[in-house]
Amino acid sequence: MSQSIAANPDRLLPADPGTRSIARSLLERVQDLPIISPHGHVDAAVIEHNTPFPDPAALLVSPDHYVTRLIHASGVSLDRLRAGSATDSREIWRTFVQAWPLFDGTASGYWLRTQFESVFTLGADLGEMSADASYDAIAAKLREPDFRPRQLFKDFNIEVLATTDDPLDNLASHRALADDPSFNGRVLPTFRPDAYLNIAHPSWSANIERLIEAAGDGATGYSGYLQALENRRRYFVDHGAVSADHGVLTPATLKLDAAEAEQIFELARAGKASAQDRNTFEAHMMYQMARMSVEDGLVMTIHPGSFRNHHQPTFDAYGADTGHDIPFATNYTEAIRPLLQDFGTAKDFHLVLFTLDETVFSRELAPLAGFYPSVYLGAPWWFLDAPDAMLRFRSAVTETTGFSRSSGFIDDTRAFCSIPARHDASRRIEASFLARLVAEHRVSEDRAHELIVDVVDSSPRRVFKL
Amino acid sequence: MSQSIAANPDRLLPADPGTRSIARSLLERVQDLPIISPHGHVDAAVIEHNTPFPDPAALLVSPDHYVTRLIHASGVSLDRLRAGSATDSREIWRTFVQAWPLFDGTASGYWLRTQFESVFTLGADLGEMSADASYDAIAAKLREPDFRPRQLFKDFNIEVLATTDDPLDNLASHRALADDPSFNGRVLPTFRPDAYLNIAHPSWSANIERLIEAAGDGATGYSGYLQALENRRRYFVDHGAVSADHGVLTPATLKLDAAEAEQIFELARAGKASAQDRNTFEAHMMYQMARMSVEDGLVMTIHPGSFRNHHQPTFDAYGADTGHDIPFATNYTEAIRPLLQDFGTAKDFHLVLFTLDETVFSRELAPLAGFYPSVYLGAPWWFLDAPDAMLRFRSAVTETTGFSRSSGFIDDTRAFCSIPARHDASRRIEASFLARLVAEHRVSEDRAHELIVDVVDSSPRRVFKL
Amino acid sequence: MSQSIAANPDRLLPADPGTRSIARSLLERVQDLPIISPHGHVDAAVIEHNTPFPDPAALLVSPDHYVTRLIHASGVSLDRLRAGSATDSREIWRTFVQAWPLFDGTASGYWLRTQFESVFTLGADLGEMSADASYDAIAAKLREPDFRPRQLFKDFNIEVLATTDDPLDNLASHRALADDPSFNGRVLPTFRPDAYLNIAHPSWSANIERLIEAAGDGATGYSGYLQALENRRRYFVDHGAVSADHGVLTPATLKLDAAEAEQIFELARAGKASAQDRNTFEAHMMYQMARMSVEDGLVMTIHPGSFRNHHQPTFDAYGADTGHDIPFATNYTEAIRPLLQDFGTAKDFHLVLFTLDETVFSRELAPLAGFYPSVYLGAPWWFLDAPDAMLRFRSAVTETTGFSRSSGFIDDTRAFCSIPARHDASRRIEASFLARLVAEHRVSEDRAHELIVDVVDSSPRRVFKL
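Chains as they are written, first to last, in our numbering: chain A, 1 to 466; chain B, 1001 to 1466; chain C, 2001 to 2466.
Hints are computed from structural coordinates only; laboratory data are not their basis.
Just so you know, not all the hints are guaranteed correct.
In silico contact screen, one side only, chain A against chain B (beta carbon under 7 Å); selected entries [said to hold, decoys possible]:
| # | residue |
| --- | --- |
| 1 | E117 |
| 2 | T121 |
| 3 | R234 |
| 4 | T333 |
| 5 | F371 |
| 6 | P373 |
| 7 | T398 |
| 8 | T400 |
| 9 | H441 |
| 10 | V443 |
| 11 | S444 |
If you want the footprint, here are the derived chain B segments under chain A, 3+ residues with CB under 8 Å [said to hold, decoys possible]:
| # | region |
| --- | --- |
| 12 | 1177-1184 |
| 13 | 1325-1335 |
| 14 | 1382-1392 |
Have a look at the derived ranges for each label pair, beta carbon to beta carbon [as the list claims (entries may be wrong)]:
| # | chain 1 | residue 1 | chain 2 | residue 2 | range |
| --- | --- | --- | --- | --- | --- |
| 15 | C | K2347 | A | G127 | 26 to 34 Å |
| 16 | A | D238 | B | E1091 | 39 to 47 Å |
| 17 | A | R414 | B | A1320 | 43 to 51 Å |
| 18 | A | D217 | B | R1414 | 51 to 59 Å |
| 19 | A | D257 | B | A1320 | 24 to 32 Å |
| 20 | C | E2262 | A | Q312 | 21 to 29 Å |
| 21 | B | K1154 | A | Q31 | 33 to 41 Å |
| 22 | B | Q1276 | C | F2315 | 29 to 37 Å |
| 23 | B | T1121 | A | R462 | 50 to 58 Å |
This one's a predicted model, so the numbers in the text were calculated from it and none came from an experiment.
Backbone N, C-alpha and C fix where the C-beta goes; we use that ideal spot for every residue, glycine too.
Let the sequences and hints guide you as you build the complete structure.
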């Protein structure tokens, strides 16, 4: 092959030559801007301790359930793909390379290919090398001192990286990084209390007892619980957090009075809550989280609509995050209304709404974000953070809300080395979308040069209060 | 800037040069055809009395909740945007001009920019002038005698303009215009009985008492109510009305027997109807409206799926139509069935179905319109009456139903000066869609020249019996 | 017209010259591959007996409810379009030709036009000839010996053609064709038990009594019923069947214990089952069908989400398949879960999921097929088996699941002469989609040449175990 497609400077840009040329020039404007990643799942300790990355399979295959799921779909047991199994890393890598053709056309394939090209400089497509050759080439890179997390953080031009953390995490790594004069990036914690709000969570009871004990200021029961949540949020704010994230089944919100809430809370504590109670309590706690966000300033982000761990036997054998979280239909308009009635116009309240159901982009989210000062459109997420889907998102929301109401790109990843590829893809798509509007004389080219900076750089800073 | 994008003759046309050239030629075929606007919200009295338009802010900003909502989302209180508030018009205009960059890429921005260019001939983009300069330039135009409604009606090449009217309106303005030999346009009333059919409407009780009193032919109760509706529809027909429009929560329809209907009617009159009763009665009245349409020939149009006045505090402070009507999921297939069982093939019955939920375009509306002789596809409406959304509509429905089953463009606007911009945008999109089919050898170019005339001109005449 | 659009070698290919040129080369790679049609509705007896096709109207108009529905929508009574009515064939054909302009832009129009050009070699568009001239030209062709089904089967380059059959069909035609040394194609039966599983089906009771009698091995009641279904599936397998197809209201699945199932079964037999029972039993039987598929290897295909016979008066007058099967919203994630819990990773189980609701492509089906080894994406079906809709499908699913998880094209047709046009259209769309990915440097051109063979040829062989 004359040139790797991953190295092509025009990759992801529109085919029409006139539009592509506009897109190129827009892309140039933002290509070297720093990466701002306000939501993701990298482990702060890895950066604190500058832990060397493990072998290629343990870095790129085993922990990435977007990669393992598609290989699993082709009939390969997860046993053969998971670290800690009988299979060794090189064997996992061989299995992955054999499955590599499955990834053509996928977002995961794009990110991987871009990493192989620009981070690991393999120089050829994975399919053109032997599995052992690519394994050895990447493994060699991983042993180089420049391939430690802190150097990559710098090389990747990351300015802000948010992690996702348990409310009782002591955030020692975040503190250490903030206090380290030799580290210039910002690694910020994110408050993620799902396992303390969802009473059906297997460890909810244990979690809340620990929470109340640790931070309830001596109060017990429901009021101690609320107090502890408020205190831990403060703790996060004090350690640099800018947002609280909520993975919920639906975006339902509800204001219960304290007595009603307390009653469900105690039922749940006694193990007697029904499925209806679970939904009611989560909806109420979303309302409470909004109230607290108004008070402490944490941006509130909501990720609803995923049926987690769809295949029980796989969950039983391998646990969560093993590739079978399946989206379902989401409806925001009525569900989010109780929250917005009371906080939709609250000063400095920022509420970022995500969806895995594309139908709400034009139908509900754009109209909501086009009226409520608090509401921002979450960038396309899981399965939708791909070129065509990101273009569908822009097409669906822009005519109603313009460019000012979206969150900026969210990589949402635990795959540290994929971060530049993901942000690069997003910038190419923003350039492509804007280039079409310019080519169709819907936005002037001068203005498009301002807008692309706004969506890539200013939006995440503004929305996440960075 | 060398040339304003609003003045570009190729605006909204596809970027591919070959397709654009076909689109240009199709557009030329229809660019000078008269405007037919079978559904909108202009006030007939303004045309009757040829009332001069007020100042720029009171014409273009304050009454247009598609404009104010987006400025509101950016954090500006509606107080600062509404006529009659402490703020004067020039101050409102300054606020608007400051917010103008928010509108890039939006449909509202496109219509405004086109008006500034072609109606007010500003000669520069709003962002390139001071707010006072643009205010003064537009205000000066508004004082010119040629800027009175009747002259603009003529200059805009409007042939038919339908208004939206209360069933008890005496339609004096419509009558006066019809009788005025110096006025050549057609200004037609539209029967809009929502506030008489929805028993949850705050003034329903008062409305129906007035209705029965005025037109019940002496009958009382439910039968007087039906009689009065029939009579007022006749009155509208006699004053030129061609359609009756229905803004409903859902497209549910239901045939109650007279006793059941009467029972709910009396419960509602006594203030004792439940939410369920409200839905049942509205569904039943949709059935009744269809029956009356079959009898009196008024085209029936249905606009479902909007959660009106989503933010109660804003509604309490500023009333309806203040930017927070938020769509939600709509399902037509089962809901509309009772009506279609009895009237779906009724002679000369025309039923135009609109949606704010794009998912029903391909799934339900195109299949319904592709079988029932009565069913026509309402053009993309609110939030969807924008270039990309209109293309998605055509793409979603055409492969199933072709071009013969759609209503033609509906501007649905109260912003009189935006009417040419809206129809022009629609024609450009129809040309763009057809040009792609020609370029892909799916429709011959000769046939496309016929089809564009059909969709722009013949469809609205045929569907709305003009 | 210089050249018929149906004869244009670039028809359906993208307008952008660079992308089109890639698409052309990809199309060339697959244009001459044999047709594999794993699901459709051709009558095997017609091929067995090599029955001459009847006249043009009886071949192309009357039996095709995708054609008659759109003419019906234009106000023509079905009486004037149906064989066996007072109207003769030539009169039906004249009505059809008069309505021909309605089909511009539709999938049905495209298939018809392609047939007129390439099967019947009319040499001009239908609209450019008199109705009688086209009738006579086609009728003359139909009298030629080369226009008999077996010769066309060969000329169309059909390798595999699956029919859809009643479980009690003796499959004599399939057997005869398999045993006929002069016939080289494969004509395979498909097990379609809807009328034996849906207890609301008007002839369910009679059907199951016949079934149990014929194949229950002497057992009676529910166990005889299950046994008979298993036996008939075996019979189909022995006669070459590779799949069992299920037209269901929703994709609900449920595992009842035998006692619960038997109870509903007996209630239904006694005519006392409720609507809820109907749904429960169908869901349970979908579970049972999956169990049997795991055991006997038949690929399981599910077609949910159609409201059959929407217009009761038309159904009463003309029966089923008369153009008013209307889709509605479908949700797979929770519905299909009980089945997937137990069989989602079962060895060699293939489950092909279809939808008439596009929203589940990206939201549910791609994520399901991207994890479960059993799940395959059904190709776009009814109303969605059209160029733009097929492109939307590829765009919606590929970024999540790549190319390996789809069924390959399904023509699902009873219109034998349209089969080549349908497969040709699909190949053109696959080439168009892949060409865009190549032009955007997302897939290499070499790889695209492999992928198009995979999606056109290898996928249906792999998924349907051919």
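Do the hints match the structure? See the list:
Proximity of A/E117 to chain B is violated relative to the hint, the smallest CB-CB distance being about 29 Å (cut-off 7 Å). Look at A/T121: its Cβ only gets to about 35 Å from chain B, farther than 7 Å, so that hint breaks. The beta carbon of A/R234 is not positioned within 7 Å of any beta carbon in chain B (closest approach about 26 Å), and the interface hint is therefore violated. Given the 7 Å rule on beta carbons, the hint for A/T333 holds: about 4 Å separates it from the nearest Cβ of chain B.
Annotation: A/F371 was flagged as interfacial toward chain B, and the flag holds, the nearest CB pair being 5 Å apart, inside 7 Å. Using the Cβ-Cβ criterion of 7 Å, the hint placing A/P373 at the interface with chain B is satisfied: the shortest such distance is roughly 5 Å. The closest approach between the C-beta of A/T398 and any C-beta of chain B is roughly 4 Å, which is under the 7 Å cut-off, so the hint is satisfied. Because the beta carbon of A/T400 sits about 5 Å from the nearest beta carbon in chain B, less than 7 Å, this interface hint is met.
Interface hint status for A/H441: upheld, as the beta-carbon distance to the closest one in chain B is roughly 4 Å, under 7 Å. At its closest, the beta carbon of A/V443 sits 5 Å from a beta carbon of chain B; the interface hint therefore holds under the 7 Å criterion. For the restraint placing A/S444 at the interface with chain B, the shortest Cβ-Cβ distance is roughly 5 Å, inside the 7 Å limit, so the hint holds. Proximity of the region 1177-1184 of chain B to chain A, defined as three or more residues with a beta carbon under 8 Å from a beta carbon of that chain, is not established by the 0 residues found.
Under the rule that three or more residues need a Cβ within less than 8 Å of chain A, the assignment of the region 1325-1335 of chain B holds, with 5 such residues. With 7 residues having a Cβ less than 8 Å from any Cβ of chain A, the region 1382-1392 of chain B passes the three-residue criterion, so the hint holds. One distance hint, 26 to 34 Å for the beta-carbon pair C/K2347 and A/G127, holds here, with the actual separation near 28 Å. About 42 Å separates the C-beta atoms of A/D238 and B/E1091, a value consistent with the hinted range of 39 to 47 Å.
Between A/R414 and B/A1320 the beta carbons are some 47 Å apart, a value that agrees with the proposed interval 43 to 51 Å. Separated by about 56 Å at the C-beta atoms, A/D217 and B/R1414 satisfy the suggested range of 51 to 59 Å. In this structure the hint that A/D257 and B/A1320 lie 24 to 32 Å apart at CB holds, the actual value being about 30 Å. Between C/E2262 and A/Q312 the C-beta distance comes to about 26 Å, which sits within the given range of 21 to 29 Å.
Our hint of 33 to 41 Å for B/K1154 and A/Q31 is violated, since their Cβ atoms are close to 52 Å apart. Between B/Q1276 and C/F2315 the CB atoms are about 30 Å apart, so this pair conforms to the stated range of 29 to 37 Å. Against the hinted window of 50 to 58 Å, the Cβ-Cβ separation of B/T1121 and A/R462 comes to about 36 Å, which falls outside the hint.
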